[in-house]
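Peer 1: Now for the letters of each chain:
2 protein chains.
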Amino acid sequence: MAGLRHYLPILNWGRAYDRHAFLSDGMAAVIVTIMLIPQSLAYAMLAGLPPVMGLYASILPLVVYALFGSSRTLSVGPVAVVSLLTATAAGSVASPGSPEYIAAVLVLALLSGLILLVMGIFRLGFVANLLSHPVISGFITASSLLIAASQLKHILGTQAQGHTLVELTPSLVGGLGDTHLPTLAIGAAATAFLFWARRSLAPTLRVLNVPPGIAGVLSRTGPVMVVIASILVVMGFDLGARGVAVVGDIPRGLPPLSMPVLDLSLWIALFPAATLIALIGFVESVSVAQTLAAKRRQSISPDQELIGLGMANLAAAFSSGYPVTGGFARSVVNFDAGAQTPAAGAFTAIGIALASLFLTPLLFHLPIAVLAATIIVAVLSLADFGALARTWRYSHADFAALAATLLVTLGRGVESGIIAGVAVSVLLHLWATSRPHVAVIGQVPGTQHFRNVRRHDVVCMPDVLGLRIDESLFFANARAIENVIQQEVAARPELRHVVLNCAAVNSIDASALESLELVMHRLDDAGIRLHLSEVKGPVMDRLKRSDFLHHLTGDVFLSHYRALEALAPSMTRRPQAIV
Amino acid sequence: MAGLRHYLPILNWGRAYDRHAFLSDGMAAVIVTIMLIPQSLAYAMLAGLPPVMGLYASILPLVVYALFGSSRTLSVGPVAVVSLLTATAAGSVASPGSPEYIAAVLVLALLSGLILLVMGIFRLGFVANLLSHPVISGFITASSLLIAASQLKHILGTQAQGHTLVELTPSLVGGLGDTHLPTLAIGAAATAFLFWARRSLAPTLRVLNVPPGIAGVLSRTGPVMVVIASILVVMGFDLGARGVAVVGDIPRGLPPLSMPVLDLSLWIALFPAATLIALIGFVESVSVAQTLAAKRRQSISPDQELIGLGMANLAAAFSSGYPVTGGFARSVVNFDAGAQTPAAGAFTAIGIALASLFLTPLLFHLPIAVLAATIIVAVLSLADFGALARTWRYSHADFAALAATLLVTLGRGVESGIIAGVAVSVLLHLWATSRPHVAVIGQVPGTQHFRNVRRHDVVCMPDVLGLRIDESLFFANARAIENVIQQEVAARPELRHVVLNCAAVNSIDASALESLELVMHRLDDAGIRLHLSEVKGPVMDRLKRSDFLHHLTGDVFLSHYRALEALAPSMTRRPQAIV
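Chains as they are written, first to last, in the numbering used here: chain G, 9 to 587; chain X, 9 to 587.
Honestly, the hints are just simulated from the structure, not real lab data. Some hints here could point you the wrong way.
What the hints assert, rightly or not - Derived lysine-lysine pairs resembling DSS-like cross-links, with alpha carbons at most 30 Å apart: (1) X:Lys303 with G:Lys552; (2) G:Lys303 with X:Lys552; (3) G:Lys544 with X:Lys544.
So that you can see chain G by itself, here it is in the shape it has in the complex (with noise of 0.2 Å):
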């Protein structure tokens, strides 16, 4: 039973829900339904996919989310960064809108939320920690500037392809003189009352004495007049037959069920966009968790959310959805709105079924250039360019990998943009833990420390060297430590003792361990042996599973001073007895 709890998270908070949960779970429900109404047919959109698909794939994965996963707040569904993943992965094996795009998007959400359930089950979370985060600053910078440039053909009225900015741009400006007037109109004005509401909404109600609660709220509802505006605006002045394109017939009805194809070749070829579809899901998805719970001091468990999500983007890939994750922005509406369990999540999917079968025709007249301008007011308030600067201050190394996300994400895309940004993350990583802090140190005189010969003033003797290595060893520094015994031992012609104070080594790998073999065996040609000092537990029973010990040319030394007073007799007792 404790371990079916622990994989079913509603059998903890079920038991305890009542009636004052289910009054504040409704009232957020009804909340975010409205704000998601617009947002799920814009990022459908995004996808390339009719807009239908984002009511669908805001049903059945928030009543499996509200089951399986561990936030009691987190509002799952399409977003905008997975939608832009899910346009670029599906985009690459069809075109957009074609029965073979649908059925690559199906394959998507079934492959991610495999992936995800199968990291879940084997705790291997810590596979998102490669994305750090300057890598993540710039991918969701470099992707809202992506997906606001890819939806300025809609503002526009005009035609534009590609998934950089390298395609978009020249398609875009060679659009320019196509520019249809009304639509651009009707996009400029949505977009510029949608930023106005943004920043100045919520300070304007509580000028006119809304209560702050319900101006917070309310000033989240822009998308949602500016949807109602535009619809009456293009019936009252029939813009639909003047060439405003509008979203038109949505399918009335329940999502239907969906089985994405068995094709071995397709899903290989998606198989990596799914993995970062999963992995970039995951990390944003844990943020917003995290953040939400600590607000009321609960906690979340990132490998249950790893299942949650996987089966949530399962339901999508069965009820004719696509990849969903945990938002940022409808996660806040839910947790200001008073949500208390997860059953806000599967009240949210029950009104947003109510729409798709009742609402959907209310929509038809609304011009697809409001949709474009919620997304990119959206998006681009993702976007952090003080990061770069921030950034840049604080550690050039990070910098990079930034810079090199973002660079390579605008310019050859999402997936190649990643990539760049993890290789160099963990590239200069392993650089900085390469060269390690290596000191000479000698006895501070009366005392049994040993100290850094260049910082203190410290006794050695001409036949011992003793050097502290402050790092742990392993692949990247192994090489590094043999360079600097040899450059060290060249330099005393009259060396016979070498000890390694480990005092700061906390591992030693196996490239490391044939470094040391090496470095005895080559002090042993020279005459001189090899010692140990302060090795960790841990560290030494991990030698003892080796021959490293039976070979070691010289002895283990409890500690540096028992090392000096063995090799080094004279020295050792000197200084006593100046004090």
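Fit chain X to the known structure of chain G by using the hints.
Peer 2: Relative to the frame of chain G, chain X by itself:
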């Protein structure tokens, strides 16, 4: 002048050059030349090239390395593993023996020379650290098996194709019916003699009262004895006419100048392979050079080695050679024969030049099967199956990297093998560091020391949580720290202060800083202040360049005790009163 001397080591050792060094170097050169003639022919054949190109690659590159190399005794030229890499890379763009194939090989030498040179000038040698010992060990073992398998067809006198064991095996087995018995007889006899000579020739000679030094050198001449004997056998029985493949006509004369083609698409296609050749060659070469230098308490400069090897490869590219590096066997012979300075390499070049001017007609009747036997015996001594068991015992993670490299190299080829091995070792290293040790610490009563509550009898306060982080903070472990803090906080409802003890934190990268800010905001939302204690100087300097300290909800304390004095005065006073 000092700068020039840095880049031209000959300016150092050349000034002290005397008659004694000249005689030692000359004697070593004679012995190495005799050994190199069959070896150079054999490795060129392994690389899919006319045998004479092996001689060409042993002339100018050696002279150039003598000018630029930092090792006194390294012997540069064709080696087995690099020959295999060359064959694989050139074979992927042209068919062996064609003019395009030779053009590709010259481009490989040029590119790997340029890559080494650039790495040397910008001191990028650390990139080679990505090749951990287990990866190299697995790669060498797999390569030696691949090379031996690729030579079996010459011993059998059959045809076989392929760059992986998966391709080679069926091809070899299928050709068994066509085995040419005279060829097999010569090949098998040569292989058996060479195996015996490698293990037992030196002891046998010593039993016959040959002085140990001369016995050691003579035992290396096994391949030369086989070459001479087999030529006499082939001539005596006219086996060439009976279908035993022989080397045939080798053009006489010095290496013709060559000009690698300027074909951008070819350069791009060969770039990854050239990088691999450069890195593998560098790693092997530096390891040999360092081992030999240590025996005489000399030291080498890895960055200067990059320049020396880079120039040697450029020389190969422009003198009809192919990629070269420092070889293990040849360098050991050079060292044992008494070489004192890089001049020995230049004298060897003169020896090989004389051989290619006057000796090549004598090699007409040399059987290909004998060259194949030379290769098989040389490479099988490189295979180290014991490393599998040793590494498994020492560390399962390192074993995984070794096994991945070995299996992927055998099954999918050399490039895939190296890439798989590096990916596995980097991932496992990041995984190992992604779960840092974090201890909840409390005060040892009556002292100013704080220790892990799980291991020691210490005092804690309900409203102050002390956490000691035992690792530098970077992207791979940043989120783990977030999780640990969040869990510890969620378990303590009365908490008001969290103090992070940073005594073991050597650095904090931008990802970890972002995580700390997130943690701080989350704690703040829950009414908890975040403090730091015992922050190291360099870490503090870097934090001051960010906004973190301005936002910090708590304080930075010099010692953990001072933090407790300030935050929980009752606690620090009480235990002292007891004492």
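Peer 1: None of the hints should be skipped; say for each whether it holds.
Peer 2: Verification of the hints:
{"no.": "1", "hint": "X:Lys303 with G:Lys552", "result": "28 Å, holds"}
{"no.": "2", "hint": "G:Lys303 with X:Lys552", "result": "27 Å, holds"}
{"no.": "3", "hint": "G:Lys544 with X:Lys544", "result": "22 Å, holds"}
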